Amino acid sequence: DGGITQSPKYLFRKEGQNVTLSCEQNLNHDAMYWYRQDPGQGLRLIYYSQIVNDFQKGDIAEGYSVSREKKESFPLTVTSAQKNPTAFYLCASRGQGSNYGYTFGSGTRLTVV
Amino acid sequence: DQQVKQNSPSLSVQEGRISILNCDYTNSMFDYFLWYKKYPAEGPTFLISISSIKDKNEDGRFTVFLNKSAKHLSLHIVPSQPGDSAVYFCAARDYNFNKFYFGSGTKLNVKP
Chain A
385 DGGITQSPKY
395 LFRKEGQNVT
405 LSCEQNLNHD
415 AMYWYRQDPG
425 QGLRLIYYSQ
435 IVNDFQKGDI
445 AEGYSVSREK
455 KESFPLTVTS
465 AQKNPTAFYL
475 CASRGQGSNY
485 GYTFGSGTRL
495 TVV
Chain B
1117 DQQVKQNSPS
1127 LSVQEGRISI
1137 LNCDYTNSMF
1147 DYFLWYKKYP
1157 AEGPTFLISI
1167 SSIKDKNEDG
1177 RFTVFLNKSA
1187 KHLSLHIVPS
1197 QPGDSAVYFC
1207 AARDYNFNKF
1217 YFGSGTKLNV
1227 KP
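Chains A and B, in that order, give the protein sequences.
Just so you know, the working numbering puts the end of the first sequence at 497, numbered straight through with nothing missing.
Just so you know, the working numbering puts the end of the second sequence at 1228, numbered straight through with nothing missing.
Simulated from the structure, these hints should not be mistaken for laboratory data.
It is possible that part of the hints are untrue.
[As the list claims (entries may be wrong)] Ranges between beta-carbon positions, derived for each pair:
(1) B:N1143 to A:Y394: 45 to 53 Å
(2) B:H1192 to A:G424: 20 to 28 Å
(3) A:G400 to B:Y1155: 19 to 27 Å
(4) A:T495 to B:N1214: 28 to 36 Å
(5) B:H1192 to A:S490: 23 to 31 Å
(6) B:H1192 to A:T495: 36 to 44 Å
(7) A:G424 to B:T1142: 34 to 42 Å
(8) B:M1145 to A:K441: 38 to 46 Å
(9) A:D422 to B:T1142: 16 to 24 Å
(10) A:S457 to B:N1214: 15 to 23 Å
(11) A:Y394 to B:D1175: 41 to 49 Å
(12) B:T1142 to A:T495: 29 to 37 Å
(13) B:A1186 to A:D414: 46 to 54 Å
[As the list claims (entries may be wrong)] Per the computed footprint, the stretches of chain A lying under chain B, defined by three or more beta-carbons under 8 Å from a beta-carbon of chain B, are:
(14) 414-426
(15) 429-436
(16) 453-461
Here the structure is a predicted model, which is why all the values come from computation and not from measurement.
Don't be surprised by glycine CBs; every beta carbon is placed ideally from N, CA and C.
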């Protein structure tokens, strides 16, 4: 079955630490996206990548970094520079020409302790 | 500045009745609109979509209406079922940038 997998489902981070969230897809989709969800707010775009070895900042990229070394993988690093990292993070992918928007992963809940 | 707005954070409906979820947008360059359904601790799943060249799209119990002049779309669920209880996000595509913008979601509760 094709799909998009995020891991881990829950993640705890100490203040000052970097942490990396995994996102893998086997849908052969070119584009991949990272969104953040906070209570009462819509999904806000952090970073996106339309092709391997290329990515662009979204609306709230500060304090985050990404890489796209493989088509299947788009990991997100939450750095210590992100002042309010506790949130629900969603990874998504989209095939070229697809009008069905995104296929989403099941999300990672990050909590700073 | 949110380009896609869902002004009702929650909606409660009796089973069997109609649920109407609303969404407003500001960007006239949006050319494609989608509704997603999300259960707690899960990713959103695609529900129904509509192109800007249409004003209605129907799929079973779900119908999406688009009013371009008012920059407004709505999702109708008839009849509503308890399993429809979830958060519903509307999303709009900016064709120029190949990006989707999401509303803040409406939590629907269908009471048995």
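Check your understanding: Looking back at the hints listed earlier, which ones does the structure fail to meet?
Key -> 1, 3, 7, 8, 11, 13, 16
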